[in-house]
Every structure is written in structure tokens, then in C-alpha cells.
Amino acid sequence: MIKLVTIYDLRHMEKLSEFADGFIGANDQFATRVERSFSVLELLDLIKEAHRLNKKIYISINQMMHNDQIASFKEFIQTLETANPTGYIVGDIGVVYLLRELKIEAKGVYNPETLLTNVFDFNFNQTLGVHGAFLAKEITLEDILAITKQKKLHAFMYVHGYLNMFYSKRQLISSYFENLDQNNPYHDKRNLKIKEEKRPDLVYPILEDNGGTHVFRDKVFSTLNHINRLKEHIDYAVFDMVLHDDSYTYDVLKRYAEVLEGKEPLTSDIEQKYGETWDDGFLYKKTVYKPKKVTR
Amino acid sequence: MIELLAPAGDLEKLKIAIIYGADAVFIGGTEFSLRARASNFTLADIKEACEFVHSYGKKLYVTTNIIPHNENMSELIEYLKGLEVCGVDAIIAASPYIATTALEHTTIPVHVSTQQSVVNSNAVQFWADLGAERVVLGRELDQYEIKDICEKSPVEIEVFIHGGMCASYSGRCTLSNNMTDRDANRGGCAHSCRWNYELLSDKTTINDESVFFSMSSKDLQTLAFIPSLIDSKVSSLKIEGRMKSIHYIATVVRTYRMLIDEYTATKQIKDLEFYIKEIKKAENRLTSYGFLDGKPKAEQQLYNLRNEEPTKEFIGIVLAYDPIKKCALIEQRNHFTPYESVELFGPSGKSFFFEIKEIKDTEGNLLDAARHPRQQIYIPVPHEVKPYDMLRKVLDV
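Residue numbers (my numbering), protein chains in the order written: chain A, 1 to 296; chain B, 297 to 693.
Be careful, since some hints might not be right.
Said to hold, decoys possible - Straight-line C-alpha distance at most 30 Å; calculated BS3-like pairs for lysine-lysine:
| # | chain 1 | residue 1 | chain 2 | residue 2 |
| --- | --- | --- | --- | --- |
| 1 | A | K189 | B | K529 |
| 2 | A | K219 | B | K499 |
| 3 | B | K499 | A | K193 |
| 4 | A | K189 | B | K443 |
| 5 | A | K193 | B | K591 |
| 6 | A | K189 | B | K499 |
| 7 | B | K499 | A | K103 |
| 8 | A | K198 | B | K593 |
| 9 | B | K443 | A | K74 |
| 10 | A | K152 | B | K377 |
| 11 | B | K591 | A | K74 |
| 12 | B | K443 | A | K198 |
| 13 | B | K377 | A | K103 |
| 14 | A | K74 | B | K448 |
| 15 | A | K74 | B | K529 |
| 16 | B | K591 | A | K195 |
| 17 | A | K195 | B | K499 |
| 18 | B | K591 | B | K311 |
| 19 | B | K593 | A | K193 |
| 20 | B | K377 | A | K151 |
| 21 | B | K448 | A | K273 |
Stated by the list, open to error - Partial list, derived from the structure: chain A residues whose beta carbon lies under 8 Å from chain B:
| # | residue |
| --- | --- |
| 22 | I70 |
| 23 | K74 |
| 24 | Q78 |
| 25 | T114 |
| 26 | L172 |
| 27 | Y284 |
| 28 | T287 |
Everything labelled a hint here was simulated from the structure, so no lab data went into it. We treat Cβ as the ideally placed atom computed from N, Cα and C, and that holds for glycine.
Work the whole structure out from these sequences, hints included.
Here it is, written out as C-alpha cells:
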């Protein structure tokens with residue numbers, strides 16, 4: 001199991017390399033919901049640094065692509081290819097097709113976030129020639145194991161981090177303040193949260209960036225308690241550190257490494273240190289199919 | 297000729313949609329379909345629906361648009377073959393597996409659901425290469441992007457023109473899963489994006505105390521953009537709302553039908569305001585035009601769950617008319633009384649106003665009100681009307 005982690009600062013890559021097998025960088029022209037957007041030149045440096053450290057380096061391209069972005073996207077990829085990144089994690093099937101056009105689909109990893117929920121749709125991606133695909137975030141451990149047991153391409157899975165549950169192209173924070181005839185000082189700020197009327201104990205991080213608006217789960221998804229089981233089934237464990245910094249990343253990676261070496265999966269000290277709660281998402285929670293009546 | 301595609305939550309709504317001018321309808325089956333609460337059709341219902349729709353020379357599509365989990369895959373082939381026997385004209389699918397299974401095991405064409413949020417030509421090409429006949433575009437595109445995609449597309453393109461909107465990219469939202477355990481991509485969406493939220497910066501509330509933060513968008517209403525979409529060679533214009541009333545379906549379908557026909561015949565729309573007023577007779581939500589004129593701003597969003605009252609209330613549907621007695625047999629749908637001013641309208645586009653002089657039951661007894669749901673009653677009507685014409689009263693709004 002290869003551990004990939006999103007990176008905030010190139011200078012921390014060496015230290016994180018103690019536990020990480022690879023990194024994920026992004027540029028907000030084509031990515032969204034990233035803790036840091038690197039310029040193209042910075043991405044090239046990131047790729048070179050990963051190569052120096054003998055680590056993998058993926059570029060995240062998780063925006064939904066529009067036709068008017070395609071020409072600049074091709075230039076972006078062609079520039080990055082001069083440094084030869086390990087691969088590209090893409091959220092749009094159209095971008096997979098663009099990678100095919102550029103004859104680098106074997107570097108592609110398809111991550112439609114919510115859509116790969118069964119073995120058939122997961123394995124379908126093999127026909128696209130991509131290196132791998134992400135399992136959906138909202139399926140059970142039982143489903144994950146059933147899919148990976150029959151997988152025909154590399155399985156990527158988010159194993160830790162704030163997982164998003166809403167991705168809109170709309171800039172909803174800006175619209176809200178526009179409605180009040182006010183300027184929006186909160187664009188791209190990382191400390192915003194929303195709280196629903198009937199769930200006052202739960203606060204959900206919300207982020208508006210150039211790609212749109214994102215709402216995250218109230219708890220940090222963690223597979224620490226299951227990582228020793230998952231390591232036999234998934235090929236790439238992805239730590240998405242949006243809303244976190246590299247020191248947090250180091251602490252978390254270290255803890256996973258310890259558990260993978262056989263230590264007890266202790267979480268409370270890190271949860272306390274960073275003031276957050278971890279849970280295991282939908283691993284043991286099946287979502288309801290065809291409810292008779294939808295209630296709040 | 298561009299297709300006007302309407303929703304049908306049950307057989308009655310399906311008939312109304314077709315009679316009021318839809319070129320095709322889409323329905324949900326009992327399996328593999330989103331909108332779990334809509335009255336979904338059994339295979340026997342679908343067969344009957346197909347026969348009705350085809351008798352008018354129109355088409356019927358069945359949604360099989362869930363994002364399935366492993367447990368949902370059994371009996372898929374049997375179900376698709378059942379749809380084929382019924383004679384459906386296409387399925388609307390979001391899962392490549394469901395799409396390819398239909399293409400391999402049946403002759404049913406595949407339309408790609410908006411749940412896939414297709415917003416570029418490369419994604420259209422992917423689905424075309426897979427064998428899809430049509431792609432329903434994501435709702436995040438402006439009119440010029442739609443035109444560009446249509447020009448480059450090897451397959452039919454369908455665009456949403458009216459009804460509820462996901463604030464998120466469709467298929468990518470799991471608010472409902474996380475907040476209510478109900479699977480948004482398997483028919484259980486709780487519409488959590490439409491709820492009221494407090495907005496915080498760290499622990500400080502930053503929303504206005506009288507206006508909650510919300511992600512909710514206004515419903516789509518694109519009357520002004522239909523000429524542009526027709527000129528862009530969009531193949532199908534889709535109205536959303538399988539759970540809406542027959543009055544809503546009749547009004548919205550008829551209005552778009554008239555507008556499309558006027559523009560197709562004359563290349564102009566003389567009085568857009570007329571069509572806007574027509575829609576408002578049945579529309580109970582605030583509307584805007586989504587992304588069609590560019591990136592949405594505050595005008596496209598909905599705050600404090602505001603609603604709009606329709607300007608008319610549906611009170612009955614015509615079952616029969618006696619031209620000699622100038623009297624119509626009506627099935628009551630909402631309470632009304634003698635001496636109320638009403639509008640009678642039908643699929644032709646023509647309507648007229650009159651005052652209800654009297655109400656009689658089928659025994660000939662005079663009534664002081666039509667107060668029983670689905671009660672059959674007689675009222676004098678000055679002009680000839682036909683079955684499926686509708687009666688609505690003018691509201692004081």
C-alpha cells in the first residue's frame with residue numbers, strides 16, 4: 001500500500017518522506033478544494049523534489065472542466081510533462097479523455113468522488129487505460145473489500161482527512177453577501193463553518209475558492225482503526241490534508257506508520273491537540289436506499 | 297424539430313404531459329431510479345404508458361439513473377429486458393455499467409443522465425464512444441457553452457430548461473448521505489442544500505440575523521433562452537418535476553410548447569411577458585435562469601426558503617361537455633363555489649374566463665360549493681371544452 005499525501009510546503013517534503021511514499025500537488029486553475037495552490041513553476045519544483053527524494057508525485061485536477069479551459073489545460077499538462085510527474089488525479093471523465101488525446105492516459109487516476117460505488121463501474125475504468133481509480137467515499141468497508149477483491153486496476157482510497165460532501169460551481173459565500181449588499185471578505189478563507197438549524201451541535205467546514213464552494217463533513221474521516229486490514233486490499237492510501245497544515249500531516253502520517261508497525265491505534269491525543277473529532281465515516285454505516293419518506 | 301421533454305410521476309401526469317404538448321415524457325420505474333418518493337411505475341404501468349405515448353406518436357424514456365452499489369446489481373438485465381418488452385424509447389442512465397448492460401443485452405438506446413454532470417465536449421465524446429444516443433448536460437453551462445458543445449457533439453444533446461436545480465454538481469453531492477444517512481445518489485436526497493444554516497467565521501456568527509445562509513438555488517425558468525437553445529441545435533429541452541401536480545405539468549408544458557412553436561414558426565417571440573405570466577399561474581417557487589447567462593450570483597439563489605404563490609388555483613378537470621346544454625362535467629380537484637371567476641384552458645393554448653353560475657351534482661342537485669375531492673359535478677360553460685381541459689380560479693395575490 002502506497003501512502004500519498006497532499007503537500008503544503010515543498011520544504012517539508014523531505015521530512016514527510018519519512019512516512020509518505022508520494023505527494024499530491026495542485027494548481028487552482030484546474031484544481032479546487034486544495035490547501036495550497038502551487039504555480040506551474042512551483043509544481044515543476046515540487047516534481048523535481050519528489051524525484052530527488054525518490055517519491056511519487058501526482059497532480060490533482062479535480063475541477064469539472066469546461067471547453068474554454070481545454071487549450072490552457074493541454075499547455076499546463078505539456079509543461080508539467082517536461083518534469084515527468086508520476087500521474088494525474090482527475091475528477092472529470094472528459095479530462096481522462098484529454099489525457100488519452102495526449103497519450104498519457106496510463107498516468108491518469110480517475111476520481112469522480114462519489115460515483116465508483118460498485119465493482120462493475122470501478123472495473124469499467126480499466127477500459128479507459130488509466131492507472132487507477134478512487135473508490136467512492138460513501139460506501140461501506142464490506143463494499144470496499146468486495147470491489148477490491150475483484151479489481152482490475154489500482155484502487156485508490158481516501159484514508160484520512162476532511163472529506164467534502166458538496167461541490168458547487170457557484171460561489172455561495174459571495175452570493176450570500178451580495179444578497180446583503182456587502183462585500184465578501186471570506187473568499188478562500190479556511191475558518192468558515194456552517195451550522196444547520198436542527199443540528200446545532202454539528203459544524204461543517206465550508207470553503208469558497210475559485211473553483212466554487214465546498215462543504216465538508218463535520219468530523220475528520222480516519223481509517224486508523226482499519227488500516228491494517230485495508231493495506232491488504234487497496235493500492236494507494238490517500239491522505240487529503242485540506243484545512244490542515246504540514247505539521248498535522250506529519251503527526252498523522254507518523255501515527256498511521258506506527259499502527260502499521262503494530263502499535264495500538266490511539267487517536268485521542270491527536271484529536272485533542274488539533275481540536276477535532278475523527279470517525280470512520282460510512283465504513284460501517286450503510287446509506288438508506290429508496291426511503292419511503294424523506295424526513296429531516 | 298426540437299423535443300419538449302416532460303416529467304411524469306404517474307399515468308395521469310403522463311397523459312396530461314402528452315396531451316398538453318410534450319414530445320416525450322420521462323418516468324421512473326420501481327428499480328434503479330432516483331426520486332424514490334415519486335410514484336414510480338411498475339413494468340405493467342410502463343407498458344400501458346408506452347402504449348398511450350406511442351398512440352400519440354410520442355416517446356417515453358425511463359430513468360435508471362441511480363449510482364448503484366454492489367447490492368443493487370441483481371436482476372438488472374432482467375429489468376432492462378422487461379423495459380425492452382414494454383417498448384420504452386430510451387433509458388436515462390448515470391452508471392457506465394447500467395448503460396453498457398443495456399447496450400449489450402437490449403436494443404434500448406441510452407441517454408446519459410445529468411447525474412454525470414457532463415460539462416465539456418470530451419466527456420460527451422466519451423459517452424458517444426460508449427454508445428449513448430444522447431447526453432443530458434450538467435446544469436453549470438451558459439448558453440454559449442451549450443452551443444459550443446452542440447456544435448462539436450456527435451450525439452444528441454439534452455438541456456434542462458425548467459424546474460428544481462441541484463446547487464451542487466449533480467451526482468457529486470452527499471450532503472444528504474452525511475446529514476440524514478439517505479443516499480442522494482440512490483433516490484433518497486433530503487435536499488439538505490435547501491435548509492437554513494448559520495454561517496460562522498471560527499466561532500463568530502457572520503450571517504445577518506434575519507437572513508440565514510443557504511445553498512439553495514431558485515428553480516430554473518428559461519423562457520427567454522429557448523430561442524438561443526433552439527438555434528444552438530439542442531435536441532431536447534427537459535422540464536424537471538416528476539412530483540409536481542397535473543396543473544403544474546399542464547401549465548408549464550403548454551407554455552413552453554406555445555413558445556417553441558411560435559419561435560419555430562416565426563423566428564421571434566412577440567410577447568415574452570405573456571409566457572412568463574402563464575408559467576406563474578402554476579409555479580409555486582421563485583425562479584431564475586441558472587447558469588444560462590453566466591455564473592450565478594445572488595439573484596439565482598434562494599434565501600429564507602421564500603416561496604411564491606401561483607396566480608391561479610387548479611379546481612377541476614373536464615371529463616365531458618354537452619354542447620347543446622352548454623354544460624361541462626367536471627372532476628373537482630380543489631374547493632370552489634358559484635359566482636367565482638375562473639379560467640378554462642386546454643392543450644390548444646386558447647383559454648377563456650367566465651363566472652360559475654351554478655354547480656350541480658350528478659343527481660341534478662344544486663350545490664353551494666364543490667367541496668369533495670374528485671367529486672363529479674356539472675357547471676355551465678359558455679364555450680365548447682374537451683376532456684382534459686382544466687379549470688382554475690384567479691387568486692388574489
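*Numbered hints the structure breaks, given as an ascending list*: Numbers 1, 4, 7, 12, 13, 18, 21, 23, 24, 27, in rising order.
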